[in-house]
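Please model the complete structure; the sequences and the hints are all you need to start from.
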Amino acid sequence: MTQIISANGIHFSPVEVCCGFPKGSVLGPVIFFLYTQQLSSVIDHHPVLHQLYADDTQIYKSRHPTEVDATIHEVEKYISNVKSWMTCKKLQMNDDKTGAILIITQRLSYSHSLPQTINISNNNIIFSQSVQNLGVTLDSTLTLHQHVMNICRAAYLELRRIRSIRKYHSVDATKTLVFSFVPLRLDYCNSILSGSLHYLLQKLQKVKNTAERIIFRVPRSEHTSSLLCTIHWLSVQYRIQHKISSLCYISMTDSSPTYLPSLTHVYTPARSLHSSSANRILIFPQVKKSHMDNVRLHTKAQRSGMNCTLKLDSNKHWSLLRVI
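Under UniProt numbering, the sequence shown has 199 at position 199, and the numbering climbs by one with no breaks.
These aren't lab readings, by the way, just hints derived from the structure by calculation. Ideal placement from N, C-alpha and C gives every residue a C-beta, glycine not left out. Do not rely on the hints blindly, as some may be mistaken.
Unchecked claim - Ranges between beta-carbon positions, derived for each pair:
#1 Asp187 with Asp56: 14 to 24 Å
#2 His64 with Ser25: 41 to 51 Å
#3 Asp56 with Thr268: 32 to 42 Å
#4 Asp187 with Leu260: 12 to 22 Å
Structure, rendered in structure tokens:
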């Protein structure tokens with residue numbers, strides 16, 4: 001492949017490019033994906049889990065709290081091997097954008113004996129209290145408090161801007177503006193909030209209530225239940241249940257990605273039942289309740305998914321569900 005530089009009508013001599021692609025090339029993302037496809041196989045040779053998204057690679061491993069130090073040393077070794085492979089492939093690990101987080105329970109978070117850094121490429125990277133993962137903020141105790149606060153902060157910023165010009169627009173125009181900014185932020189990856197603390201869901205619900213008051217120009221003293229019906233909005237809690245039910249339903253159809261069916265298991269009764277032919281009942285996994293600050297792990301995905309799939313047996317009904 002050759003590259004030609006053109007500036008002010010002057011064309012320079014072609015130069016052969018032995019590696020890499022010019023920035024902005026149409027084939028760049030495709031060729032990069034094919035070139036780095038072996039990275040997943042290299043990581044699979046190590047006892048760690050990983051996720052790849054474009055040029056972002058995530059490596060993670062879970063162990064007992066008493067084995068934290070040994071786990072960190074193992075991960076450091078694995079990353080060193082991966083970096084050696086990248087160097088052979090003329091790829092460079094961006095140390096400045098490399099982050100690490102140690103996810104633990106809230107009880108252990110107050111312990112001073114936990115390691116504070118991890119050594120990557122001879123650089124001591126301090127464990128962050130929160131990291132960004134495809135737009136979702138994960139904190140070290142997985143309370144999702146910081147994630148909810150970021151959503152509220154961004155949504156209120158857009159609502160303040162809309163409020164400043166509300167008197168110049170009609171109800172329909174204001175509704176379009178609000179729908180363009182607020183619901184998208186509230187619904188993005190909202191399924192991870194299932195089983196979260198009630199006060200976190202209330203913060204998101206207040207954002208929605210504020211948006212409704214701005215649309216209809218009603219005071220704060222007025223209740224918003226009737227406004228929800230007017231604009232056909234579900235509350236935050238029911239929007240989460242709707243998302244989980246939708247994911248469970250598409251996981252049982254041919255239109256789902258390959259990784260979704262592996263997360264749900266269809267119940268097979270020991271004897272013949274009237275509902276056996278429907279094949280729409282999911283197994284409820286037995287999950288122990290957590291004892292950290294009364295936070296409980298719920299199996300709402302399976303329960304909500306079953307309630308949804310028992311009632312939806314055709315693609316026609318599924319299309320209606322997506323519109324509501």
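Structure-based check of all given hints:
| no. | hint | verdict |
| --- | --- | --- |
| 1 | Asp187 with Asp56: 14 to 24 Å | 23 Å, holds |
| 2 | His64 with Ser25: 41 to 51 Å | 47 Å, holds |
| 3 | Asp56 with Thr268: 32 to 42 Å | 38 Å, holds |
| 4 | Asp187 with Leu260: 12 to 22 Å | 18 Å, holds |
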